[in-house]
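**Q** Following the numbering used here, the numbering of the sequence shown begins with 58 at its first residue and continues without gaps.
Please note: incorrect hints may appear among the correct ones.
Unchecked claim - Calculated lysine-lysine pairs in the BS3-like style (CA-CA distance at most 25 Å, straight line):
id, residue 1, residue 2
1, Lys131, Lys145
2, Lys240, Lys131
3, Lys237, Lys131
4, Lys240, Lys250
5, Lys237, Lys250
Said to hold, decoys possible - With beta-carbon atoms standing in for the labels, derived distance ranges:
id, residue 1, residue 2, range
6, Lys250, Gly166, 48 to 56 Å
7, Thr243, Pro91, 56 to 64 Å
8, Val863, Val773, 32 to 40 Å
9, Pro548, Glu335, 17 to 25 Å
Honestly, the hints are just simulated from the structure, not real lab data.
We put the CB at the ideal spot given by N, CA and C, even for glycine.
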Amino acid sequence: MRSTSEQADGPGGPSGEVGGGAGGRPAPEEHAYPDHWEADVVLRDGGTARIRPITADDADRLVSFYEQVSDESKYYRFFAPYPRLSAKDVHRFTHHDFVDRVGLAATVGGEFIATVRYDRIDDRGRPASTPADEAEVAFLVQDAHQGRGVASALLEHIAAVARERGIRRFAAEVLPANTKMIKVFTDAGYTQKRSFEDGSVRLHLDLEPTDRSLAVQRAREQRAEARSVQRLLAPASVAVVGAGRAPGGVGRTVLRNLLGAGFTGRVYAVNPGLGPGETELDGVPAFPSVAAVGAPVDLAIVAVPAERVPEVVADCGEHGVRGLVVLSAGYAESGTEGRARQRALVRQARSYGMRIIGPNAFGIIDTAADVRLNASLAPEMPAAGRIGLFTQSAAIGVALLARLHRRGAGLSSFISAGNRADVSGNDVLQHWYDDPATDVVLLYLESIGNPRKFTRLARRTAAVKPVVVVKGARHSGSAPPGHRVPVTRVPHATVDALLRQAGVIRVDTVTELVDAGVLLAGQPLPAGPRVAILGNSESLGLLAYDACLTEGLRPQRPLDLTTAATPADFRDALAAALADDTCDAVVVTAIPWVGIEGTTEVLAASLREAVAGGGAAGAAKPVVVVHVEMGGLAEALSAATSTRPAPARTRRPTAAAPAPVPQGTPEAQETSEPPDPAAPARNIPAYPAAERAVRALAEAVRYGQWRRQAADPGRVPEYDAIDEAGAAALIDRVLGERGAGQESRGVTLTTDETGELLGRYGIAVRPALPAPGPDEAVAAAARLGYPVALKTTAPHLRHRPDLGGVRLDLATEGQLRTAYAELTEALGKPEELQPVVQAMAPRGVDTVVRAAIDPAVGAVLSFGLAGAASELLGDTAHRLIPATDRDAAELVRSIRTAPLLFGWRGSAPVDTPALEELLLRVSRLVDDHPEIVSVALEPAVVAPGGVSVLGAAVRLAPPPPTTDLGPRRLPSY
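Let's have the full structure, built from the sequences with the hints guiding it.
**A** Quick look at the structure:
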């Protein structure tokens, strides 16, 4: 594919291009190197590449790159045989002004693997400068790297650069035989036109992002990041770098664990200190370096001192290692020097196209039958199961592995990422989203590096499988040492609310994490909140009943089977409950029989029999067991109810999704009964306390409800009386006049500007007229009409009704003058109080509507009732913008004080539809104009017949940078 100038004058460009400019145009002014265009990206095969601007220092790299491109690719690029670049070509392709002519390169190991460039053109296809808004674009990808998605990634980045420089359209000319490049353009999702001229395909792309282009970009991101994790978890060969010559030590321990788990691939030990004749460690081939292995190595486990890691990374990168698990400590968790070392580690590894788990990691585990990878410090391989577990803490990882093992819950995979300098919770969510081996995702997080992206990924994953999160370091006010996270002004409580909106099951402790995980992995989701309770202890049943009420469930009266109940009685009662259409879940309570041995195993068998019968009858209801001092019951119940041993899980994809794999050993599932091919594997989770069982069940109920609602998330309504263009013009004028720079804290609009801007979106603010003296107050009241309110607006008195700064229902001039005198006498001089007069609004409930933009989280819409009580209790609800009609309805109803809006204690219900419309108009305003960084409507009085906004404030600033929009990129260091 060639540019317009190349069509006219050949590959070297027009004769006037070098030095004096093209077509009589003066040579463009050189701009500073745009380092913010640099980015690390994950490619389709899971490897990484670095994208950066091409500079004059890249001449040798460009020549070397071009020499490795096939003659066919060169022909497709220039439409003619062109075996080598001339000095003039090299100068042209490496000298850019970063405005009208831009070139980007994708590099691996510091060398070019692909290039893209654009040249700004006018409407006749000639070289041009601003304000021309079209550019010719051309790509060249080294043959060895074609098919890795390099061109697609470059297109995303060069399009973002072009938009930044005022270019709105790309034009490209491609030979019809160059189907790969045509596909890059047509699959990108941009609005485009296509024509056939003079034997070539002419493409025009509108660079304005569309819903489809964003969907394409995110789908590519998911596939690439999922693949990058998958190839870490399922390598064909592993080298343990730092395996000691003597038993013990971190490296030798990992080597022993790899072998003990039965890893199905090749294992190598690497130790530069090997003596003459030492060729084996623990029975595996040993070498002094990765280079000496002489065979492909997919994954390297690095367990050497931090100061030696760079040479190990270089050794691995130069010999094609795909990924690293760095167990070594001494990085960002150790202070300033360690942070610098960690940045260098990530940059070095990415320069070779490798991804990193760690540093300071505990390791990774994959239980697939054709992998059996235990590249961790865990001494035992977990049982195979349906849970994916991610932790940022080694200690918590050890505890969770042990607890899940005791509960009979198996894992599909486990990642303990340590400082998570590269691979993070976002990456593993991308992997587990469509991993057929994982049904439940458990995450222990101490920090969220990109909350905006995490929320998006969690919402998508939660739509198909549960995501359970426990967040550590919630109250420390800072990220743990070693974790690089962006600064956010949003409180943890708000982030938690947004995660719940995204379908994440948020729990507070690792105990609750395990409790919820074993239930969700072993039982179906409940269809509703109705709970049957049965057991042989009336007291334990009542505890379960109370716990259900506390969690917002709807329990039936407990069925007391009495202490004389036999296991058969439990079986019959459970079978009846499962067949009962008036309940959605069952809690079984059990206490031990006095003087009778062996009943635990019999009870477990009876309960499993009832559950198996219920499943066969089509009653998909979760069952949980609460037991007191019945040792061995949890273990006995952890056997699956399916009568058919599921096939061994593999990492190799098949045409059909693999059958669910039961948790526990195959031997425990063998039975003489005929197999049921359709029966899923189901464990019955057991809990030592009713509160724990019911809390886990309640989380499953809420998640099930969210899943059903997620199928219809609502819509963003279209409203009349919205003047988007007028609002944009006002914003541009204010920012232009006030001179708000990128580093400015922004501009607070005046009262008149605020009223005008909100009015453009159909939000009316009741006018408040200044009253610097009693006469001015009377004049204001005459203008507005009685009755009026007199209130102070001084910052230290605002929203403080307890200080008496507001006087309401002043119906006459006399009442107004008296109130003015009392106000100034009690609180201070008028110039201190800044009093205003406002027409009285209909009586109702005072509420607060806010919207704010946080660079890390995005735009957030918040709602609560006005007043000290709501502030003190933190009774505020939050939703991400743009909000749908369902979001608005949930906002109004999710605060604890919501009954005050719906006729509490006989009061008149207020106009909640009008309130919801107000919320949606604010959401639309902020979504349409990213320059609006905060909006506050306080108070917004909701009456039985409408909403009155009595106070409003709006702050503007240049649009803040976002962390989840624009082209794909890994977090930068």
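**Q** Given the range 48 to 56 Å, decide if the beta-carbon distance of lysine 250 to glycine 166 lies inside it.
**A** violated, 39 Å
**Q** 32 to 40 Å was suggested as the range; check whether the CB atoms of valine 863 and valine 773 agree with it.
**A** holds, 36 Å
**Q** Can you let me know if the beta-carbon spacing of proline 548 and glutamate 335 is within 17 to 25 Å?
**A** violated, 57 Å
**Q** Quick check: does the Cβ-Cβ distance between threonine 243 and proline 91 fall within 56 to 64 Å?
**A** Given about 29 Å between the Cβ atoms, the range is violated.
**Q** So if I understand the rule, the pair passes when the alpha-carbon distance is 25 Å or less; does lysine 237 with lysine 131 pass?
**A** holds, 14 Å
**Q** Regarding the pair lysine 131 and lysine 145, is the alpha-carbon distance no greater than 25 Å?
**A** Given pair lysine 131, lysine 145 holds - Cα atoms ~17 Å apart, limit 25 Å.
**Q** Lysine 240 and lysine 131: Cα distance at most 25 Å?
**A** holds, 18 Å
**Q** Within 25 Å, alpha carbon to alpha carbon, are lysine 240 and lysine 250?
**A** The hint holds at about 14 Å.
**Q** Within 25 Å, alpha carbon to alpha carbon, are lysine 237 and lysine 250?
**A** Within the cut-off at roughly 18 Å; holds.
The structure shown violates the earlier hints numbered 6, 7 and 9.
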